[in-house]
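There are 4 protein chains.
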Amino acid sequence: MLDLLSRYKTVRTRSVSLCVPLTPEDHAVQSMPDASPAKWHLAHTTWFFEAFVLSTLGQGVFDERFAYLFNSYYDAVGPRVDRARRGMMSRPSLPEVHAYRANVDERIAHVLVEDLLDPVAQNIAELGLHHEQQHQELLLTDIKHALGSQPLQPAYRSDLDRSALGEIVPLGWVGFDGGLVEIGAGDRSFAFDNERPRHRVVIEPFVLARRPVSNAEVLAFIGDRGYDDPRLWLSDGFATAKREGWRAPLYWGREDGRWLHYDLAGVREVDPAETACHLSYFEADAIARWAGARLPTEAEWEHAATERRVREGNWADDERLHPRAATGDHLCQLFGDVWEWTGSAYAPYPGFRTLPGALGEYNGKFMSGQMVLRGGSCLTPRGHVRASYRNFFAPGARWQMTGVRLANDRGAS
Amino acid sequence: MLDLLSRYKTVRTRSVSLCVPLTPEDHAVQSMPDASPAKWHLAHTTWFFEAFVLSTLGQGVFDERFAYLFNSYYDAVGPRVDRARRGMMSRPSLPEVHAYRANVDERIAHVLVEDLLDPVAQNIAELGLHHEQQHQELLLTDIKHALGSQPLQPAYRSDLDRSALGEIVPLGWVGFDGGLVEIGAGDRSFAFDNERPRHRVVIEPFVLARRPVSNAEVLAFIGDRGYDDPRLWLSDGFATAKREGWRAPLYWGREDGRWLHYDLAGVREVDPAETACHLSYFEADAIARWAGARLPTEAEWEHAATERRVREGNWADDERLHPRAATGDHLCQLFGDVWEWTGSAYAPYPGFRTLPGALGEYNGKFMSGQMVLRGGSCLTPRGHVRASYRNFFAPGARWQMTGVRLANDRGAS
Amino acid sequence: MLDLLSRYKTVRTRSVSLCVPLTPEDHAVQSMPDASPAKWHLAHTTWFFEAFVLSTLGQGVFDERFAYLFNSYYDAVGPRVDRARRGMMSRPSLPEVHAYRANVDERIAHVLVEDLLDPVAQNIAELGLHHEQQHQELLLTDIKHALGSQPLQPAYRSDLDRSALGEIVPLGWVGFDGGLVEIGAGDRSFAFDNERPRHRVVIEPFVLARRPVSNAEVLAFIGDRGYDDPRLWLSDGFATAKREGWRAPLYWGREDGRWLHYDLAGVREVDPAETACHLSYFEADAIARWAGARLPTEAEWEHAATERRVREGNWADDERLHPRAATGDHLCQLFGDVWEWTGSAYAPYPGFRTLPGALGEYNGKFMSGQMVLRGGSCLTPRGHVRASYRNFFAPGARWQMTGVRLANDRGAS
Amino acid sequence: MLDLLSRYKTVRTRSVSLCVPLTPEDHAVQSMPDASPAKWHLAHTTWFFEAFVLSTLGQGVFDERFAYLFNSYYDAVGPRVDRARRGMMSRPSLPEVHAYRANVDERIAHVLVEDLLDPVAQNIAELGLHHEQQHQELLLTDIKHALGSQPLQPAYRSDLDRSALGEIVPLGWVGFDGGLVEIGAGDRSFAFDNERPRHRVVIEPFVLARRPVSNAEVLAFIGDRGYDDPRLWLSDGFATAKREGWRAPLYWGREDGRWLHYDLAGVREVDPAETACHLSYFEADAIARWAGARLPTEAEWEHAATERRVREGNWADDERLHPRAATGDHLCQLFGDVWEWTGSAYAPYPGFRTLPGALGEYNGKFMSGQMVLRGGSCLTPRGHVRASYRNFFAPGARWQMTGVRLANDRGAS
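Residue numbers (this note's numbering), protein chains in the order written: chain P, 2 to 414; chain V, 2 to 414; chain E, 2 to 414; chain Y, 2 to 414.
These are computed hints drawn from the structure, not numbers from a lab.
There could be a bad hint or two in this list.
One copy or two, it doesn't matter: identical chains are merged, so the pair holds either way.
[What the hints assert, rightly or not] Subject to a maximum C-alpha distance of 20 Å in a straight line, what follows is the list of computed EDC-like cross-link-like pairs (lysine to aspartate or glutamate):
hint	residue 1	residue 2
1	K243	E362
2	K243	E313
3	K10	E65
4	K10	E313
5	K243	D83
6	K243	E127
7	K243	D76
8	K10	E183
9	K243	D64
10	K243	D319
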């Protein structure tokens, strides 16, 4: 339990640290229905421990109204505030939310020190830490959207590493034989329910790009009028691009003939060598078609990623909070930098079982209308992601730290 | 100029005082597109003095980006942030907005002390004070909406006077002969352009209710299923009521068989004797029809109000911030308590001329789709309103401090 | 009664004649929620006689389901099909609707020949004829919209008079002294309830343009970038123009540097000399401001129109179905050609009383959000309109045969 | 070619026959954006032969404006009328569309008799026949929606077979071992591009229900308050059900305590024994979860269906146009009766290649946001469907003839 307590303290402290650069108003703003205020993230992750861990001991709650305010989507727990109106909650105030965190942290520390949790509750506490790490990434993507879409476009932090990392590497390919292989998480270590069970799939021979698509390729796609050519796009994708007026990745803007972009350090010129980000699935798919390639399936991606070193990537802990330029001639940036869209719709694995109780809503009920992403990003905490890790977003989403890695049938490219 | 300076300081200080009970997040929240954040009101009223008064002296601006952020609707001044996204601006922060106010206040004080303003600029400064008083009322209505429509429904202030004021007075009538009379503001003292010119109108004999409609009458209207009876409503009104699910005035809710309402002091039971508020024009019109009466025209209202004492009403300065119960058997509550809907569409008076330059947009361009209200309310600063004062809102608006006074043709009721 | 019967036959026959050029599908199409299919107009006007006249004799109905289908907006009569879905009713078929008309016509003829109607029912029958004439104009405006907004833009009739009518007349002014005058319909002959009672109003001295605005002026307004200049527009008007992409009057299109327009005879080049039409109130108001003028009030208009000869205008019976060019140097085209927007919101006259029963919904419940138009148009049947006649539409409506006559305060222009 | 000509005549004649029961207005009505008017189907299928077959011979077109009117979604061919406004096209009239069909039929007959088509064009003509069969089913589903959603709910045909077919069969299961199997179309006979290439997949042991879900099960689901229980639904599904007010399958209504439904023969009481239809994917998924089961994957479905006799089903040619009750204790109704939702998102098979040229848009660009259905329905022409045939619709679509077959992991149910 002391190991769990140590990790609990580390993870919980990091959430608060992420908010240090924010003003009180920054904590409260919700720039679109899909995003949540930072204050809400701080409270919701706390509620998770109170509602699912402390409740197993019959403990009362800090404030009985908070279940309504900070439940995200657990229907089995009860009603909740409309997601699109999270930014309307100026109360509880930021000091009250910090008091809520302190109260729950103290109670959790107590039950861990005293070893009061049964194994099921320990597992839920473990889940709660992974859950909080997910919200740490969401907090960064959401605050980026809030700051980046308001007129003054303030930087989140002005001290982030923005050193250039050299020349762009040519886009080469790595071949894989595929065959009858296994994917999915085994039983030994922590994994979300949607990564299980481990199961067999057939993979035909394929090639995978050595690195993700860079801004240089995106600029070439734009130069080829890719955003105006319906033949490159899925039908829904082209309709979305037209309706929303997409002319470039999110956060890009054109000024005096130059492409600028906003990132968490402020506005600067687009660096062609950097790995491209803030692309939707629809754009990823169109760029792949323009390149004569396709997106990898999630099975192909996981097959290629197995045995790669996960921790070496560019993670949130590296304090860059933006993708690097790819370097080297090996298969690089699979982990970290950008989440990579796959061509696989988010669906249950054969034999998938949800968690029991309210936590059964954690992943399963979102298995429609979303595409799988793999590999984590520069906004993900180091250590959070595995080769079998499945992230998922709607195909039109652009505010996540998402990018593109090309694939192809072997012999096709 | 020293009189103007004195009033400048008084008015400007009051805006800041109104915000003292608010948290930083309360300052920033925008609960619907028609409402603005308190922080925006503080900045916009400041920008008004900078853009229209200090600019006449060729002075530079505090921050050149603020014109885009805090221009409300002056097209002649330049582009501006989309009104519905004012709540997205977490920056400038509250301290920065206060610094902006201090800077402009200092500069205005200087030019007034040094008597640097020409007569036109002095008039604009005078206009700026009336403008700021209007925004003081909007600030209160908007923060009431922001606090009252979030789940915790916090009180704005818990120290407001909530003493009950006795029994309800029967609804009697006062008769007027009308005839060929004059309405509108004369030339001697301050008035907005839309109150001019003073002009002749014909008024047929009419009666006016001694007091506004009280909650008792609204409860009777509800009891008669007034919200469900299309015969009582304008066609657009009934469609609006159905679409928005109106079952009672805004801020009312039913709990355990009792009607509660939210006001700036929190939630309490509806007091039948109090003057009813937060009714739209559509509801006012339906209640009048249900009562066998009609709304007064603005000419009737002004004719009846002329010679009445304005300052005796229940104004914001009285620290109740909610209507009282009417008392006495005379024509009462014409001024203060609630804005009274008239049956007159907001239109130019014969011979109307807008102000020159950008300030020509102050009133004239809103003369379509709105109805005139008269008399001021318990959220209006004392001294701001005149008998000729014309307020105006769309017929479906309910978040303003609006109520109903009945009228009728003489002999009809 | 035989006079009434004779007029009944004339009016009813004309409705059917208007539909002769239409295919069965043309009869059924509804091009927007505000328009109705021709077949619906044929059935609804028939239902009016059945529901309000024959019902007074206790007669049964042709088909009990038709009340739901062909009731327009009479809540007191019962529920009805959603207005926006009138075009979804492929049934009853056109032959069935004609059978319905024949059945009601036969029954009405019988009761008139046998003199079975009491005076109230006779008055309703009279109202029914005026009602049907209103729908004859709506039928033409609606079918024009249906044909003109589909890709092939077929002509309604190719045999309409399209002779040019000479040079454009300069826009001169006629002065009026105004004073304390009376407007509204007296008691002797037929008028709608909204034209009564006749009452006194004060009119200040004013001038009225000799002719309506022509296409030449509209072209000049466009050339001056009038559609892009917010200073010329009401706030709601400019927002509407931008949202709906207005660049010219409805039915105008630009091709190879020329302005073409669609009218009921097909597509042809815009004739600068013709009186302009299909302008909304918002455009009328903006054009007036651009011209340094304003729109007349409805009192001014009626005061000027009284004593003018009504029947001489260009009416639907003249088989042009489009405005002419104005000719002569007198006050011309007051009646016929185009409905003229006034600056008056549609509101009850002092002492207004609705008709008893369900027919009380005929006019009164639309008295919000609409502006008054006067004078009739080239799509109005000759004899339908009076000087006191009040038409009304929302300020953004463009599909009616609407135009602009300028006015001004005397001495202002 | 004579075989092709013979089939051409058969297929083309059938489209016209399907429209015989329709009035001219029925041909033109479009009851929602996803549906098309019958007249449009008649013209679009004709345009397909003109644009893709006759064009290869350099032949001119019947009317050059028709490409704009009757192109469905081929961006490479040019612009087209907005899909949601197909019902606005009262012109060309029905006789003109029949003349268009006759003209193209004559020209196609000529080129087939004279053997003027090269092999590629012959294949496209073959594709055109399968395309027209698809539109025959769409024509029936769309006209059902048009007739069934208007107030009179007229029958399409009153002479359809509506004999009851006995008692409901218990829902038993058939087991399959799965393994490494092949699915997809081989190269020998006609198949759409999306059915290819044939490829290997891994299927774990599973069971499949002997028959589709019947109305009896749907009634039990309703009785269990299934439409109100969020735990049974995908998150998007529950939101859709609430937003659209789903309480039962499409076309069901409750009257006097009985469930009625509309079908192409009119309104009648729901027969519990009949196979349920007009269920969305979201409902199918919820019903499966309620039943403790799941939907089959498309690979499982195809694996089970291979070797089954396709032609024995209840097809459109059987003149019932509604599902039967399932009979017998074998795996029944796999083909015909209802399209069966699978749990598989519509995606390209490994190695998928689109057709060259504009026909590459036939299937590939719809591969996002849709779920695969299998097996054909009682509205599908006999002979049109294969075991490898992939139909696809959005998960919220209910107007297609869609039903549910349950599956499960072996040992799980």
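To see whether the hints hold, each was checked on the structure:
1. K243 x E362: Close across copies (18 Å), not inside one copy (34 Å); limit 20 Å.
2. K243 x E313: neither (39 Å within a copy, 46 Å between copies)
3. K10 x E65: neither (25 Å within a copy, 45 Å between copies)
4. K10 x E313: Close neither inside one copy (24 Å) nor across copies (61 Å); limit 20 Å.
5. K243 x D83: between (28 Å within a copy, 14 Å between copies)
6. K243 x E127: So K243 and E127 fail the 20 Å test inside a copy (43 Å) and across (34 Å) alike.
7. K243 x D76: between (35 Å within a copy, 14 Å between copies)
8. K10 x E183: neither (36 Å within a copy, 52 Å between copies)
9. K243 x D64: Neither way: K243 and D64 sit 46 Å apart in one copy and 30 Å across, limit 20 Å.
10. K243 x D319: This pair counts as neither: shortest intra-copy Cα distance 37 Å, inter-copy 44 Å.
Of the hints listed earlier, those the structure fails to meet are numbers 2, 3, 4, 6, 8, 9 and 10, in rising order.
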